[in-house]
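Trainee: Here is what each chain is made of, one letter per residue.
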Amino acid sequence: MSTAPEPGHAASQQSAPVPTEPQIASPHGGPVHRDSRRSFLFKLSLVLNGAVGAVLAVPILGYLLGPALKRDQEFKSWIPLGAVGDFPEGETRLVDYRNPVVTADDGATANVACWVRHVQGDQFQVFAINCAHLGCPVRWFPQSHLFMCPCHGGAYYEDGSRASGPPERGLFEYQHSIVNGKLMINAGQMPTLSNRACNQKPLIQIAPTSSVQNEERS
Amino acid sequence: MAGLKDRAFGIYAWFERRLGLEKPISEAAAHPTPPRSASWWYVFGSAATVLFMLQIVTGILLALVYTPSAGEAWASLEFLNHQVTLGWFLRAIHGWGSDFMVAIVLIHMTQVFLFGAYKYPRELTWIIGVFLLLFTLGMAFTGQVLRFDQDSYWGLGIGASIMSRVPWIGGQLVHFMLGGPIIAGQTLSRFFALHVFILPGVLIACVAVHVWMVLHLGVNEWPMPGRIVSKATYDGEYHELTSTTGVPFVPDAAWKDAVFAAAILLSVVACALFFGPFGPSGVPDPAIIQTAPKPDFFFLWIYAVLAYLPPELETPFLFIAPTVVIVGMLLLPLVAGEGEKHWSRRPVAVLMVAVIAVALGVFTHLGTYTPWSPIMESWSGDPTPTYFLKGRSPLERQGALVLQNKQCRNCHALGGRGGMRGPALDAIATRMTEDQMIRQVLQGGGNMPAYGKALSAAETRALVAFLMTLRGKDNLAPAIDASRTLTQSGAMRVPMVRAPAGKTP
Numbered sequence: 165m166s167t168a169p170e171p172g173h174a175a176s177q178q179s180a181p182v183p184t185e186p187q188i189a190s191p192h193g194g195p196v197h198r199d200s201r202r203s204f205l206f207k208l209s210l211v212l213n214g215a216v217g218a219v220l221a222v223p224i225l226g227y228l229l230g231p232a233l234k235r236d237q238e239f240k241s242w243i244p245l246g247a248v249g250d251f252p253e254g255e256t257r258l259v260d261y262r263n264p265v266v267t268a269d270d271g272a273t274a275n276v277a278c279w280v281r282h283v284q285g286d287q288f289q290v291f292a293i294n295c296a297h298l299g300c301p302v303r304w305f306p307q308s309h310l311f312m313c314p315c316h317g318g319a320y321y322e323d324g325s326r327a328s329g330p331p332e333r334g335l336f337e338y339q340h341s342i343v344n345g346k347l348m349i350n351a352g353q354m355p356t357l358s359n360r361a362c363n364q365k366p367l368i369q370i371a372p373t374s375s376v377q378n379e380e381r382s
Numbered sequence: 173m174a175g176l177k178d179r180a181f182g183i184y185a186w187f188e189r190r191l192g193l194e195k196p197i198s199e200a201a202a203h204p205t206p207p208r209s210a211s212w213w214y215v216f217g218s219a220a221t222v223l224f225m226l227q228i229v230t231g232i233l234l235a236l237v238y239t240p241s242a243g244e245a246w247a248s249l250e251f252l253n254h255q256v257t258l259g260w261f262l263r264a265i266h267g268w269g270s271d272f273m274v275a276i277v278l279i280h281m282t283q284v285f286l287f288g289a290y291k292y293p294r295e296l297t298w299i300i301g302v303f304l305l306l307f308t309l310g311m312a313f314t315g316q317v318l319r320f321d322q323d324s325y326w327g328l329g330i331g332a333s334i335m336s337r338v339p340w341i342g343g344q345l346v347h348f349m350l351g352g353p354i355i356a357g358q359t360l361s362r363f364f365a366l367h368v369f370i371l372p373g374v375l376i377a378c379v380a381v382h383v384w385m386v387l388h389l390g391v392n393e394w395p396m397p398g399r400i401v402s403k404a405t406y407d408g409e410y411h412e413l414t415s416t417t418g419v420p421f422v423p424d425a426a427w428k429d430a431v432f433a434a435a436i437l438l439s440v441v442a443c444a445l446f447f448g449p450f451g452p453s454g455v456p457d458p459a460i461i462q463t464a465p466k467p468d469f470f471f472l473w474i475y476a477v478l479a480y481l482p483p484e485l486e487t488p489f490l491f492i493a494p495t496v497v498i499v500g501m502l503l504l505p506l507v508a509g510e511g512e513k514h515w516s517r518r519p520v521a522v523l524m525v526a527v528i529a530v531a532l533g534v535f536t537h538l539g540t541y542t543p544w545s546p547i548m549e550s551w552s553g554d555p556t557p558t559y560f561l562k563g564r565s566p567l568e569r570q571g572a573l574v575l576q577n578k579q580c581r582n583c584h585a586l587g588g589r590g591g592m593r594g595p596a597l598d599a600i601a602t603r604m605t606e607d608q609m610i611r612q613v614l615q616g617g618g619n620m621p622a623y624g625k626a627l628s629a630a631e632t633r634a635l636v637a638f639l640m641t642l643r644g645k646d647n648l649a650p651a652i653d654a655s656r657t658l659t660q661s662g663a664m665r666v667p668m669v670r671a672p673a674g675k676t677p
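Quick mapping for you: the protein sequence lines, in order, are chains A and B. The first sequence begins at 165 in this note's numbering and counts up one residue at a time. The second sequence begins at 173 in this note's numbering and counts up one residue at a time.
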């Protein structure tokens, strides 16, 4: 880098006037008209960039909104929780399963817990771990036949119905079925107030024969 | 020596000729400030900016080690805490810096509000400031998520549950927020991008505009009772004030900003040194449900409000209240852009600050000890105080066992230990009669679940027998069922007189 004395401000002011670009004049010598060729080209370039932007926006929005555009059913599948014999009648037990939709870096977060209540015979109830109030993990107390939430004090009876506290409804319940002596649930997304699919019992319980058999084989 | 000085000046001149920054910088530094505004009350904005810079620097340093992956984030935090040289200290500075920044931004906003500095022509400065507050809170929340532990995991669950209550598009919003169907790898990646790229970028841009407007419009003058702001005359008055009596911002006012900023930075360092980093708490494994999640300090008040809202009011409140508050703050300078600036002439403003401060303080305090939450381990961890067992019959002692075994203590304290969800039972027999107790236990009500199905007749009898002995340490008089006394003393004859002849009840 040169360290020779620089001309600085004062010097630049003293220098000869810089030749300026010739003024754009209209053919009649009057002021430049607004609709000149250059301003038209400038406007055209804006329109062009707007169009390119719109074209770019489609894949960007599609990428960004990807998870929101999927339907609930795409996340869900039938998951085996264990043999019916593993759940003693009249008891409610904590069961973990691996979420069917996973990515490589999910780690332990793809583990999901749920409460399985074996009422009697083939009668089961499978409750989500998430409180219907704000999603905290509820705990089962067999002595008092209650689920209690540690966050805001919601409580539920053994059949999942609301007992007290801020929740406005009972526990979320997974759709379940028994296939070849195994308890299966239809799950795959965090249960919240917006996805009713997990608490509404289907009108006809259709056993997921093909998918279940595939899973059993694998 | 002189040659060296010339040489240095030469280098400076070389750069200055090309950058041309000397003039704008010296003009900005020396801009005339109203003399009384060179005050200790005017140092919070610059302190917030300095804290923001501290957060950027420490954040970048943490990002050198932190792994934004749901499977590894927790381990990388532990690695930072225990293996990386001074990693714990950097985490502590970043964590405490965050708390200080939120606090200073809130104080700055309160000061601006009370000094009427949002009035003409500084309306837009205030509006940008409102967004700066929201983005700062956004940084605090997303930062809490990056500390990927149990609290962070279930905090995200609370966020998703709130989102799910949005009408019509709640489900889509949840998936958009989580980046998938559950809280997992993509959720953390999203919040990492928010915390590290999006929000800081927006914050830097907003801070630049905010500071530019302070320079462009000048520092707010010290408010005086009776000095009315009017759009017609303000500009002339402010120009008159600064051009006749104004002092250059540097050095007359800037030294106070610098001293305060240094004191704040030192406080952050001291807190980091003495109190250490925040967490991480337990592993973010949702299969481990033995947890009582809690948000960070500045969100405790929301946690408390959510516990106290009646269920049917919750969803409307969650969405209407924040909208009203934010729109109100944004519209404030447009609605009240003129008039008195001094707090002594604005009683409503002072009252609002007082009410909001007290409300936030009370809810934050409640949020620290969560009286609405059952204490999950109380039934097995807190023994029945012995003075409640002395001289009791076997049936009553059996009842004490029922009280313990049926998790009553999770919500009801005895001898000062146990949950605070329901009333303490130390003197329950002085407030309720036997019949009332049986009804309450079996049918529940008033936030108590019904235990009718969970208790056998014998258990209920024993439990109520024990509860009937709980009359405090001083053995106060028991509650009396007045109607029973009446029937037993024969006073029932009075209604019998009124009954039709020939019929006995």
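Keep in mind the hints are simulated off the structure, nothing from the lab. Check before you lean on any hint, since a few could be wrong.
Stated by the list, open to error - Heads up, simulated EDC-like pairs for lysine to aspartate or glutamate below, C-alpha to C-alpha not over 16 Å straight-line:
(1) B:K625 <-> A:D250
(2) B:K403 <-> B:E295
(3) B:K403 <-> B:E510
(4) B:K562 <-> B:D646
(5) B:K625 <-> A:E255
(6) A:K346 <-> A:D250
Trainee: Tell me, in ascending order, the numbers of any earlier hints that this structure violates.
Mentor: 1
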